[in-house]
Amino acid sequence: MDFRWDLVWSSLPTLLTGAKLTVQLTSIAVFFGTILGTLAGIARISSGLFKAVSAAYIDVIRGTPLLVQTFIIFYGLPSIIQRPIPAYVAAVLALSINSGAYVGEIVRAGIQSIDRGQWEAAASLGHSRLQTMGYIILPQALKRTLPPLGNEFIALLKDSSLVSVIALEELVRKGQIIIGRTFRPFEIWLAVAMIYFVMTFTVSRFVNLLERKMAPES
Amino acid sequence: MKKLVVLILTVTLSLALPTFAFGQGVLRVATEAGFMPFEYVGETGQLLGFDMDLIRAIGQVLGLEVKIDNISWDGLIPALLNNNYDAVIAGVTITPERQNSVDFSDPYFESVLTIVTKQGAASLASLDSLTGKAAAVQISTTGDFTASDLYDEGKLKSVSRFDTVADAMQAVIIGVADVVIVDLPVAQAYLDANPHAPLIAAGAVAANEYYGIAVNKNNQELLEQINSALIELEENGTYAEIYNKWFGAAAPQTN
Chain A
1 MDFRWDLVWS SLPTLLTGAK LTVQLTSIAV FFGTILGTLA GIARISSGLF KAVSAAYIDV
61 IRGTPLLVQT FIIFYGLPSI IQRPIPAYVA AVLALSINSG AYVGEIVRAG IQSIDRGQWE
121 AAASLGHSRL QTMGYIILPQ ALKRTLPPLG NEFIALLKDS SLVSVIALEE LVRKGQIIIG
181 RTFRPFEIWL AVAMIYFVMT FTVSRFVNLL ERKMAPES
Chain B
1 MKKLVVLILT VTLSLALPTF AFGQGVLRVA TEAGFMPFEY VGETGQLLGF DMDLIRAIGQ
61 VLGLEVKIDN ISWDGLIPAL LNNNYDAVIA GVTITPERQN SVDFSDPYFE SVLTIVTKQG
121 AASLASLDSL TGKAAAVQIS TTGDFTASDL YDEGKLKSVS RFDTVADAMQ AVIIGVADVV
181 IVDLPVAQAY LDANPHAPLI AAGAVAANEY YGIAVNKNNQ ELLEQINSAL IELEENGTYA
241 EIYNKWFGAA APQTN
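Taken in order, these protein sequences are the chains called A and B.
Just so we're aligned, residue 1 is where the first sequence starts under our numbering, counting upward by one.
Just so we're aligned, residue 1 is where the second sequence starts under our numbering, counting upward by one.
Just so you know, the hints here were simulated from the structure itself, not pulled from any lab data.
There could be a bad hint or two in this list.
To be verified - Result set (DSS-like, lysine-lysine): computed pairs, CA atoms no more than 27 Å apart in a straight line:
| # | chain 1 | residue 1 | chain 2 | residue 2 |
| --- | --- | --- | --- | --- |
| 1 | A | Lys20 | B | Lys157 |
| 2 | A | Lys20 | B | Lys133 |
| 3 | B | Lys155 | A | Lys20 |
| 4 | B | Lys133 | B | Lys118 |
Unchecked claim - Computed spacing ranges between beta-carbons, pair by pair:
| # | chain 1 | residue 1 | chain 2 | residue 2 | range |
| --- | --- | --- | --- | --- | --- |
| 5 | A | Gln140 | B | Asp149 | 14 to 22 Å |
| 6 | B | Val6 | A | Val198 | 56 to 64 Å |
| 7 | A | Thr14 | B | Thr164 | 18 to 26 Å |
| 8 | A | Lys158 | B | Val26 | 32 to 40 Å |
| 9 | A | Ser204 | B | Ser228 | 54 to 62 Å |
| 10 | A | Pro139 | B | Ala166 | 46 to 54 Å |
Quick caveat: nothing in here was measured; it's all calculated off a predicted structure.
Virtual Cβ for every residue (Gly too), placed ideally from N, Cα, C.
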């Protein structure tokens, strides 16, 4: 079959406006997801109510599809709070809440990977639990969680395409719109894939760089 | 061991690869069954609707067994271009741009658009009355194209494109959009199926788009057969029968 490279190039400007929204949504979701996830991860290894709430949050969010969560927030929540939620807000909410659950598990695993002896050593030096967590455990855990966090953010960047179902015109939806008009799926999906790859490749290189910067001096 | 691997690969591939069946008595058709009353999935899982009856009648005229698969809208044209299917019938609007990629049969349906609003909202009975409104549509439908044009002209405030008509309707119900621009029969079918939805359709507001059956560009033979079958169905009254069944009205005179 004929392949029209000119269509790949001519679709780029429109696709890039979609990619811009993809980056925006992902960045905001990474920001809130990291905050939410760190809190959830720490709460998960605490005790009592915090632990229970955090465990429930992580289980429910990880146990249900992001697509369904997006629908529930966009279509379901308005009838409860009695006012419409703009698609953009719904998308940011869904992506942040979803990402927070995964980040929570990454943070928990990171903290638990630090040897218990460190807690005891810090306590013997007179550090409180909070000081130990903030100054000793978290900095070390952060280094160990970087690779899985990088994974999570790359996954989030790609998963953000799911919010196209609530009419947000991110990269995938822009592609669908062009295909709907031109009926040229192969060229357009190739262009979409290329843009995603450039974005994820950039993120993964950036994470690698951070990892090297944070590696202990040898 | 190597032989076994080759054998397994050959068997699985030959099972996976669709055989080119048109001409072997089978017409392989793809649709996207989320467009009531043109195509939708009935309660027992069978594909129903105006398009479904029409393509089955075409198969009967041509002496072909019609096999219809319900796949996603995004998959329809790639599957057709790949020869996984012989034809696509899914309320597809004929446009010159699309004709660069696929061939369309003669028009089999004239699409009439309507405007759906929330009950109690100010009446919007024409496309000109939509200035400043936020529209919701099903992506890549006639309603989408019309809304996009209105947006480009600076009339509509925004266009939200959803995967299904039901999602677009829901957007108006929850208040993120003011109107749905959609084919009149589709709006009617939605309102009939959802009598409690707080929505109302304005009646016909624009009529200048046509649906066609999409066929691969290199399949002139099938295209001509479908067109001759359409003429025959029109002449022997079958088309009018199907039209009446789904739209409860006499078919408009064509040509």
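Tested hints:
1. For the proposed pair A:Lys20 and B:Lys157, the alpha carbon gap of about 21 Å is at most 27 Å, so the pair holds.
2. Between A:Lys20 and B:Lys133, the direct Cα distance comes to roughly 25 Å. Compliance with the 27 Å bound is thereby established for this hinted pair.
3. Restraint check for B:Lys155 and A:Lys20: the C-alpha separation of about 25 Å stays at or below 27 Å, so the hint holds.
4. At roughly 13 Å between alpha-carbon atoms, B:Lys133 and B:Lys118 fall within 27 Å of each other, so this suggested pair holds.
5. The hinted range of 14 to 22 Å is not satisfied by A:Gln140 and B:Asp149, whose Cβ atoms lie roughly 59 Å apart.
6. A hinted range of 56 to 64 Å for the beta carbons of B:Val6 and A:Val198 is inconsistent with their spacing of about 38 Å.
7. As the Cβ distance of A:Thr14 to B:Thr164 is approximately 23 Å, the hint placing it in 18 to 26 Å holds.
8. As the Cβ distance of A:Lys158 to B:Val26 is approximately 38 Å, the hint placing it in 32 to 40 Å holds.
9. Between A:Ser204 and B:Ser228 the C-beta distance comes to about 57 Å, which sits within the given range of 54 to 62 Å.
10. For A:Pro139 paired with B:Ala166, a C-beta distance near 50 Å keeps the hint of 46 to 54 Å intact.
Hint violations for this structure: numbers 5 and 6, all remaining hints satisfied.
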